[in-house]
Amino acid sequence: MLRQLLVIFLLIASGSIFAADEEKHHAIHQELRNLLQGIETAINTEKYGDLKQYFSEKLRVTTINQQLISTPDGIDAYFKDWFGKGGYLIKLDIKLNPDSLTQLYGDPANPSWGLVYGGGIENYQLTDGRYLPMKTRWTATVVKEADGKWRILALHIGTNFYDNPIFAAVKDSTKYYAAGGMGVGLLLGALLMFFWKRKKR
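For the sequence shown, counting from 1, position 45 maps to 45 in the numbering used here; every step adds exactly one.
By construction, these hints were calculated from the structure, which means they are not laboratory data.
All residues carry an ideal CB built from backbone N, CA and C; glycine is no exception.
Mixed in with the good hints there might be a few duds.
[Claimed, not checked] With a Cα cut of at most 27 Å, we get these calculated BS3-like pairs of lysine-lysine:
id: 1; residue 1: Lys135; residue 2: Lys91
id: 2; residue 1: Lys95; residue 2: Lys149
id: 3; residue 1: Lys144; residue 2: Lys52
id: 4; residue 1: Lys85; residue 2: Lys52
[Claimed, not checked] Derived CB-CB ranges, DEER-like:
id: 5; residue 1: Glu40; residue 2: Trp113; range: 19 to 25 Å
id: 6; residue 1: Lys85; residue 2: Asp107; range: 45 to 51 Å
id: 7; residue 1: Lys24; residue 2: Gly118; range: 20 to 26 Å
id: 8; residue 1: Lys24; residue 2: Lys80; range: 37 to 43 Å
id: 9; residue 1: Trp113; residue 2: Leu89; range: 31 to 37 Å
id: 10; residue 1: Lys58; residue 2: Gln30; range: 22 to 28 Å
id: 11; residue 1: Ser112; residue 2: Pro133; range: 32 to 38 Å
id: 12; residue 1: Gln30; residue 2: Lys85; range: 35 to 41 Å
id: 13; residue 1: Leu89; residue 2: Thr139; range: 21 to 27 Å
id: 14; residue 1: Lys85; residue 2: Glu31; range: 31 to 37 Å
id: 15; residue 1: Ala146; residue 2: Gly74; range: 20 to 26 Å
From just these sequences and the hints, can you work out the full model?
Okay, here's the thing in structure tokens:
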């Protein structure tokens with residue numbers, strides 16, 4: 001009984017510490033939530049030019065296709081390349097979910113940078129009408145800059161190589177061609193047998 005009470009006390013105490021830490025830096029965490037929401041809104045409403053306000057001038061972003069963006073203007077150029085005239089995609093709807101609160105570092109009373117990670121869903125609409133829902137994982141480093149605002153310094157986005165619609169499509173097409181190849185092989189075998197029997201006659 002005493003052990004159970006001790007466990008309950010420790011759980012309550014740890015929860016209180018977590019809540020106090022969140023409350024202590026509530027304004028920072030709220031700004032970071034707004035930053036994430038701003039990114040989602042800009043992408044989902046196709047206002048790609050609005051994105052650079054959320055990133056540092058010294059940004060390093062690795063996109064889902066492993067392309068590196070190293071300038072604020074490169075963000076808008078990236079989206080125009082994919083979604084502009086002659087691009088491969090029509091639209092992207094994105095939802096980003098952090099796994100937990102941003103881990104803040106630097107002066108405990110006045111943090112200067114943080115680390116946050118989580119998952120997401122990126123729903124791509126292709127020019128041929130297909131939809132590709134991509135599950136992603138992402139990690140971001142955020143910094144408090146000279147003007148007092150928090151921005152993303154580094155961002156890396158990746159997807160599970162074995163669990164995404166592109167891999168599934170390739171796997172299905174491989175099965176299709178493998179089945180087709182087997183059929184062609186059987187047909188060629190039958191034709192060779194036919195001509196061999198005719199030759200023996």
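Taking the hints in turn, this is what the structure says about them:
1. Lys135 - Lys91: Answer holds: Lys135 to Lys91 is near 16 Å, not above 27 Å.
2. Lys95 - Lys149: holds, 23 Å
3. Lys144 - Lys52: holds, 15 Å
4. Lys85 - Lys52: With a Cα-Cα distance of about 21 Å, the restraint between Lys85 and Lys52 holds, given a limit of 27 Å.
5. Glu40 - Trp113: 19 to 25 Å: holds, 22 Å
6. Lys85 - Asp107: 45 to 51 Å: Hint holds: Cβ distance 48 Å, inside 45 to 51 Å.
7. Lys24 - Gly118: 20 to 26 Å: With a Cβ separation near 22 Å, Lys24 and Gly118 satisfy 20 to 26 Å, so the hint holds.
8. Lys24 - Lys80: 37 to 43 Å: With Cβ atoms ~41 Å apart, the hint holds.
9. Trp113 - Leu89: 31 to 37 Å: holds, 33 Å
10. Lys58 - Gln30: 22 to 28 Å: Given a distance of about 24 Å, which is inside 22 to 28 Å, the answer is holds.
11. Ser112 - Pro133: 32 to 38 Å: holds, 37 Å
12. Gln30 - Lys85: 35 to 41 Å: For Gln30 and Lys85 the Cβ distance comes to about 39 Å; the hint holds.
13. Leu89 - Thr139: 21 to 27 Å: Hint holds: Cβ distance 24 Å, inside 21 to 27 Å.
14. Lys85 - Glu31: 31 to 37 Å: holds, 36 Å
15. Ala146 - Gly74: 20 to 26 Å: holds, 22 Å
The structure agrees with every numbered hint stated previously.
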